[in-house]
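Which chain is which? The protein sequence lines are A and B, in order.
Mapping of the first sequence onto my numbering: position 124 corresponds to residue 124, and the numbering continues sequentially without gaps.
Mapping of the second sequence onto my numbering: position 423 corresponds to residue 423, and the numbering continues sequentially without gaps.
Keep in mind that the hints were calculated from the coordinates and are not lab data.
The beta carbon of each residue, even a glycine, is placed where N, CA and C say it ideally should be.
Certain hints may be false.
Stated by the list, open to error - What follows is a set of in silico ranges between Cβ atoms, one per label pair, in the way DEER data are often shown:
| id | chain 1 | residue 1 | chain 2 | residue 2 | range |
| --- | --- | --- | --- | --- | --- |
| 1 | A | Ile42 | B | Phe201 | 52 to 60 angstroms |
| 2 | A | Glu83 | B | Ile249 | 29 to 37 angstroms |
| 3 | B | Gln351 | A | Leu15 | 41 to 49 angstroms |
| 4 | B | Met502 | A | Ile106 | 57 to 65 angstroms |
| 5 | A | Ile42 | B | Val376 | 41 to 49 angstroms |
| 6 | A | Ile106 | B | Ile249 | 37 to 45 angstroms |
| 7 | B | Ile249 | A | Val7 | 31 to 39 angstroms |
| 8 | B | Ala245 | A | Leu15 | 58 to 66 angstroms |
| 9 | A | Glu109 | B | Ile249 | 54 to 62 angstroms |
Said to hold, decoys possible - No farther apart than 20 angstroms at their CA atoms in a straight line, the calculated lysine to any residue pairs in the SDA-like style are these:
| id | chain 1 | residue 1 | chain 2 | residue 2 |
| --- | --- | --- | --- | --- |
| 10 | A | Lys91 | B | Ala401 |
| 11 | B | Lys303 | B | Leu87 |
| 12 | A | Lys22 | B | Tyr416 |
| 13 | A | Lys161 | A | Ala135 |
| 14 | B | Lys496 | A | Phe36 |
| 15 | A | Lys91 | B | Asn230 |
| 16 | A | Lys161 | A | Ile122 |
| 17 | B | Lys501 | A | Val144 |
| 18 | A | Lys161 | B | Tyr416 |
| 19 | B | Lys496 | B | Gly480 |
| 20 | B | Lys501 | A | Arg74 |
| 21 | B | Lys496 | A | Thr75 |
| 22 | A | Lys22 | B | Phe206 |
| 23 | A | Lys91 | B | Phe420 |
| 24 | A | Lys161 | B | Phe201 |
| 25 | B | Lys501 | A | Gly100 |
| 26 | A | Lys161 | A | Lys91 |
| 27 | A | Lys22 | B | Ala401 |
| 28 | A | Lys22 | B | Ser207 |
| 29 | A | Lys22 | B | Asn230 |
| 30 | A | Lys22 | A | Ile62 |
| 31 | A | Lys22 | B | Asp202 |
| 32 | A | Lys91 | B | Ile427 |
| 33 | A | Lys22 | A | Arg3 |
| 34 | A | Lys22 | A | Phe36 |
Listed below are the residues making up each chain.
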Amino acid sequence: MRRAEIVTAFILGILSIYLMWKSGEAPDWNPDIARFDNIGLIEGEGPGSGFWPFWLSFIMLICSVWIAINWYRRTSPPSQSDEEFLDGYGKRMLFVVGGGLFGFLILIEIAGFYAAILAFMIYYVRFLGRHSWWATLSIAFGLVIACFFFFDIAMRIVLPKGLSEPLFIPLYELFL
Amino acid sequence: MDVIAALMSGILVALEPINLGLAIVGVIVGLFVGAMPGLGSVNGVAILLPFTFVIQGFTGGATSPMIFLASIYYGAMYGGAISSITLGIPGASTAVATTFDGRPLALAGKAHVALVAAALASFAGGTVSNVMFTAFAPLLATVALSFGDPEVFALMLLAFATFVGLGGDDIPKTIFSICIGLVLATVGFDVVSGEPRLIFFDITGFSHGIRFLVLAIGVYGIGEMLWTINSSRDGTSMSKVDVTARAVIDAIKQFRHAWRGTVIGSFLGFFVGILPAAGATPGSLMAYGVAKLTSRTPNEYGKGSIDGVAAPESANNSASTGAMLPMMTLGIPGSPTTAVLLAGMVIWGLQPGPLLFTDQPDFVWPLIGSFYISNVIAVLINLAFIPVFLWMLRMPFTILAPLIFVLSLVGTFAAYQDMFDVWLMVIVGVCAFFLRLLDYPVAPAVLAIVLGPIAEPKLRQSLLFSDGDFMIFLNRPIAGPITVIAIILIFLPLFKLIRDKMRQTA
Numbered sequence: 001m002r003r004a005e006i007v008t009a010f011i012l013g014i015l016s017i018y019l020m021w022k023s024g025e026a027p028d029w030n031p032d033i034a035r036f037d038n039i040g041l042i043e044g045e046g047p048g049s050g051f052w053p054f055w056l057s058f059i060m061l062i063c064s065v066w067i068a069i070n071w072y073r074r075t076s077p078p079s080q081s082d083e084e085f086l087d088g089y090g091k092r093m094l095f096v097v098g099g100g101l102f103g104f105l106i107l108i109e110i111a112g113f114y115a116a117i118l119a120f121m122i123y124y125v126r127f128l129g130r131h132s133w134w135a136t137l138s139i140a141f142g143l144v145i146a147c148f149f150f151f152d153i154a155m156r157i158v159l160p161k162g163l164s165e166p167l168f169i170p171l172y173e174l175f176l
Numbered sequence: 001m002d003v004i005a006a007l008m009s010g011i012l013v014a015l016e017p018i019n020l021g022l023a024i025v026g027v028i029v030g031l032f033v034g035a036m037p038g039l040g041s042v043n044g045v046a047i048l049l050p051f052t053f054v055i056q057g058f059t060g061g062a063t064s065p066m067i068f069l070a071s072i073y074y075g076a077m078y079g080g081a082i083s084s085i086t087l088g089i090p091g092a093s094t095a096v097a098t099t100f101d102g103r104p105l106a107l108a109g110k111a112h113v114a115l116v117a118a119a120l121a122s123f124a125g126g127t128v129s130n131v132m133f134t135a136f137a138p139l140l141a142t143v144a145l146s147f148g149d150p151e152v153f154a155l156m157l158l159a160f161a162t163f164v165g166l167g168g169d170d171i172p173k174t175i176f177s178i179c180i181g182l183v184l185a186t187v188g189f190d191v192v193s194g195e196p197r198l199i200f201f202d203i204t205g206f207s208h209g210i211r212f213l214v215l216a217i218g219v220y221g222i223g224e225m226l227w228t229i230n231s232s233r234d235g236t237s238m239s240k241v242d243v244t245a246r247a248v249i250d251a252i253k254q255f256r257h258a259w260r261g262t263v264i265g266s267f268l269g270f271f272v273g274i275l276p277a278a279g280a281t282p283g284s285l286m287a288y289g290v291a292k293l294t295s296r297t298p299n300e301y302g303k304g305s306i307d308g309v310a311a312p313e314s315a316n317n318s319a320s321t322g323a324m325l326p327m328m329t330l331g332i333p334g335s336p337t338t339a340v341l342l343a344g345m346v347i348w349g350l351q352p353g354p355l356l357f358t359d360q361p362d363f364v365w366p367l368i369g370s371f372y373i374s375n376v377i378a379v380l381i382n383l384a385f386i387p388v389f390l391w392m393l394r395m396p397f398t399i400l401a402p403l404i405f406v407l408s409l410v411g412t413f414a415a416y417q418d419m420f421d422v423w424l425m426v427i428v429g430v431c432a433f434f435l436r437l438l439d440y441p442v443a444p445a446v447l448a449i450v451l452g453p454i455a456e457p458k459l460r461q462s463l464l465f466s467d468g469d470f471m472i473f474l475n476r477p478i479a480g481p482i483t484v485i486a487i488i489l490i491f492l493p494l495f496k497l498i499r500d501k502m503r504q505t506a
C-alpha cells in the first residue's frame, strides 16, 4: 500500500502538469495567441478560457506534492500500511471481473450488445458465480429479451448489433 | 396559506396514477438498492438516471422522472436498515449506525422489533423533515433570489470548503478530488469564449465534454461494484425474523420506547442534511451520539436499545430531505445523490435554483407533494413486504453484480448512443476503484463535476464585473460572510493540527 501511495501521487502529479500544459493551449484557428496567454485575466474580458482549469490543475499539483510529503512523513494511513495494494484475491478479482468487463466492451464492438450481454452473463453467472446452467441461461436469455423489448422495440433506441445484426431482422419484421 | 394551497395541489398531482405508480416502483427499487450491501441511493439514482429519459418521453415533463428518482432516494433510506439488522452489514453507509443496536436486537431474537422501529422512525423522520422542507424551502428561495454571481460562487466555495473542513477524509486527497472533478467539467468547448479546452489527444468524443452521467455511472456503477466485490469476501449469516402479524403488532407497541431517539434524529438529521458534505451518514451517526449522550440509560446503547435504532433511522430519512433543500433552492447539492438529482434536472431542461420556485411551480410542488406520498408508501411497503426483502437479500452477488454491470453499460449507451461514452465510463470506474483503495474520496469529485459548469461562469462573470478584483467575494454583504466561513472551513484542519501540536508540546 505504501509504494502504491507514492506511485499514485507521482502519476497524479504528472497528470496535473499535463492538465496545466493542456489548459494553456491556444485555439488552432488563432495563431496570434501564444500558449498560456489564456490563463490570466484578459483586459475587458475577465479570466481567459484556460484560467479555471490551469489554476485548478496547479492546486492538484500542490496536493500531489502534499500527498508525497505525507507519504514521506508516514502520516496518511496508506503510507503507514504494510499491506499489499491488491492482494492475491484482489488481483484475481480485477483480472477476472475487470478483464471480463473489457472483454464485454470489445465483444459489443464486434458482435453487438445483445450477443455480448449473453456471453458476459454466461461468463459471470456460470463460470465466476458457479450457478447451474439452468439458472445461468434463464437469467442471461431473460435479460437479453427484456433489454431487446425495452430498448429496441418499446423505446426505439437501437443498440448496436455488430455481426449479430442478421439475427434481428426477422424480429424487427415481426414486432415493428 | 399560499404554501398550503400549493402543497395540496402538488399532492394531488403526485397522486395522479402515473406519478403514484412511479413513486411505488421508485420506493420498491429504492428499498432494494438500500437493502443490498454495496448499493445505496446514489448507485440507484445514478444507474437508473438514463432510464428516466424514457419516463420523460412518455409524460413529456420533468416532474414524473424526478418523482421516480426522489422515490428511489426515499426508499433507499428505509431499505438500508434491513440488511443492517438482519445481516449486520449496513445496506448503505447511511445505515451504519443502525447496526450498533439493530444487530444486537436481531441476535437476541428481536429482529422484528428492530425492523419495525426502523420503519416507523424513518416515517417520523420523513414526516418532520417534509414539514420543515415545505416551511423553509420557499423562504430560502425568496432570499436566494437576491443572490448575484459572487454570492452564488461564494456558496459553491462553501460547499467545497465543507468537504475539506468537515468531510473527515485526507485533506490533500479531498482537495485533489474536488479539483479533478472541476477540471473534468471543463472538458469540451468553453461556453464563454467558444474555445476548445482539454480535448485530449484530439479525440472527438471529448469535444462534447465529459458527461456527468458517464462519470456518475462509472464511479457508482462500476467503481463501487469492483470495490464491493473486492472488500466483501466473507460469507454472512442472516438472522431469523418473526414476521407474523402478532409479532409486528407487538413491535409497533414497543416503538413507544423509541420516541426520544426518533425526535432527536428527526430534527437533527434535517439540519445536518442541509450542510454540503454532511448528509445522511454523519446525520445518523450524530443523532445516535446525541441520543446516547442525553439518554438516562446510555449503557443500553450498543446492546440492543430500540432508541439506538430509531435515532439514526429517523435522522437518515430526515437528512435525505434536508439535503434536497439547498439543491432545490440554491442549486447546490448537499450529497452525491442530490448531485445526481440536480444533474437530472439540468438534463431534463430545468435550471435548479431559486427561480425554480417562481418559474416552475408545476414542477416543484408536485415533487414536494411526492415526498409526503413516498414517505407513506415507503413505510407501508416496508412493513408489509419485509419477508420479500429478506428473500431478495439472499440473491447472490454473483448474479446481482453482472446485472448492474450490464445495466450500467446499456444505460450509458441508451442515454447518448455513443460507444465512446461507454468506454470512458468503464475506464473512469476502474480508475475510481484504484483511487478508492488509496482513500481518495470520490463524493467530492462527483459534486464538483455537477457544480463545475455553474461555478466557473459565476467566477468569471464576477471577476469581469470587478475588473479582476478578487475582493468582490469579500466586500459584498452576503458573499463576504459566506466566503469568510468557507475560508475558515478550509483552514479548520490546519487549526486543529496546530492545536494538537501545542497540546502535545504542553
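Taking the hints in turn, this is what the structure says about them:
Between isoleucine 42(A) and phenylalanine 201(B) the beta carbons are some 27 angstroms apart, a value that contradicts the proposed interval 52 to 60 angstroms. Remark: the range hint 29 to 37 angstroms for glutamate 83(A) to isoleucine 249(B) is contradicted by a beta-carbon distance near 49 angstroms. Taking the beta carbon of each, glutamine 351(B) and leucine 15(A) are about 33 angstroms apart, not inside 41 to 49 angstroms as hinted. The hint said 57 to 65 angstroms for the Cβ distance between methionine 502(B) and isoleucine 106(A), and at roughly 58 angstroms that hint holds.
Separated by about 56 angstroms at the C-beta atoms, isoleucine 42(A) and valine 376(B) break the suggested range of 41 to 49 angstroms. The beta-carbon spacing between isoleucine 106(A) and isoleucine 249(B), approximately 57 angstroms, falls outside the hinted interval of 37 to 45 angstroms. A hinted range of 31 to 39 angstroms for the beta carbons of isoleucine 249(B) and valine 7(A) is inconsistent with their spacing of about 59 angstroms. Distance hint check: the CB atoms of alanine 245(B) and leucine 15(A) are about 60 angstroms apart, consistent with the given range 58 to 66 angstroms.
Evaluation of the 54 to 62 angstroms hint for glutamate 109(A) and isoleucine 249(B) yields a pass: the beta carbon distance comes to about 58 angstroms. The hinted pair formed by lysine 91(A) and alanine 401(B) meets the criterion: a straight-line CA distance of about 18 angstroms does not exceed 20 angstroms. A C-alpha spacing of about 16 angstroms is found between lysine 303(B) and leucine 87(B), which places the hinted pair at or below 20 angstroms, so the restraint holds. Between lysine 22(A) and tyrosine 416(B) the alpha-carbon distance is near 26 angstroms, which puts this suggested pair outside the 20 angstroms criterion.
At roughly 25 angstroms between alpha-carbon atoms, lysine 161(A) and alanine 135(A) are farther apart than 20 angstroms, so this suggested pair is violated. Between the alpha carbons of lysine 496(B) and phenylalanine 36(A) the distance comes to roughly 38 angstroms, so the proposed pair goes past 20 angstroms and is violated. Simply put, lysine 91(A) and asparagine 230(B) have alpha-carbon atoms about 9 angstroms apart, close enough for the 20 angstroms limit, and the pair holds. Annotation: proposed proximity of lysine 161(A) to isoleucine 122(A) holds, straight-line Cα distance about 18 angstroms (limit 20 angstroms).
Between lysine 501(B) and valine 144(A) the alpha-carbon distance is near 61 angstroms, which puts this suggested pair outside the 20 angstroms criterion. For a cut-off of 20 angstroms, the pair hint linking lysine 161(A) to tyrosine 416(B) stands: about 16 angstroms separates their Cα positions. A distance of roughly 24 angstroms separates the Cα atoms of lysine 496(B) and glycine 480(B); the hinted pair therefore is violated under the 20 angstroms criterion. Proposed proximity of lysine 501(B) and arginine 74(A) is supported: the alpha carbons are some 16 angstroms apart, at most 20 angstroms.
As the CA atoms of lysine 496(B) and threonine 75(A) are separated by approximately 15 angstroms, the hinted pair is consistent with the 20 angstroms bound. Between lysine 22(A) and phenylalanine 206(B) the CA atoms are separated by roughly 13 angstroms; this keeps the pair inside 20 angstroms, and the hint holds. Between lysine 91(A) and phenylalanine 420(B) the alpha-carbon distance is near 27 angstroms, which puts this suggested pair outside the 20 angstroms criterion. The straight-line distance between the Cα atoms of lysine 161(A) and phenylalanine 201(B) is roughly 28 angstroms, outside the 20 angstroms bound, and the hint therefore fails.
At roughly 49 angstroms between alpha-carbon atoms, lysine 501(B) and glycine 100(A) are farther apart than 20 angstroms, so this suggested pair is violated. Using a Cα cut-off of 20 angstroms, the hinted pair lysine 161(A) and lysine 91(A) is violated, with the two alpha carbons roughly 32 angstroms apart. Simply put, lysine 22(A) and alanine 401(B) have alpha-carbon atoms about 37 angstroms apart, too far for the 20 angstroms limit, and the pair is violated. With a C-alpha separation of about 14 angstroms, the suggested pairing of lysine 22(A) with serine 207(B) holds against the 20 angstroms cut-off.
The hinted pair formed by lysine 22(A) and asparagine 230(B) fails the criterion: a straight-line CA distance of about 35 angstroms is larger than 20 angstroms. For the hint pairing lysine 22(A) with isoleucine 62(A), the CA-to-CA distance comes to about 17 angstroms; that is within 20 angstroms, so the pair holds. Using a Cα cut-off of 20 angstroms, the hinted pair lysine 22(A) and aspartate 202(B) holds, with the two alpha carbons roughly 11 angstroms apart. Between lysine 91(A) and isoleucine 427(B) the CA atoms are separated by roughly 17 angstroms; this keeps the pair inside 20 angstroms, and the hint holds.
Only pairs whose Cα atoms come within 20 angstroms are accepted, and lysine 22(A) paired with arginine 3(A) is rejected, the gap being roughly 28 angstroms. Distance hint between lysine 22(A) and phenylalanine 36(A) is fulfilled; the C-alpha atoms sit about 9 angstroms from each other, no more than 20 angstroms.
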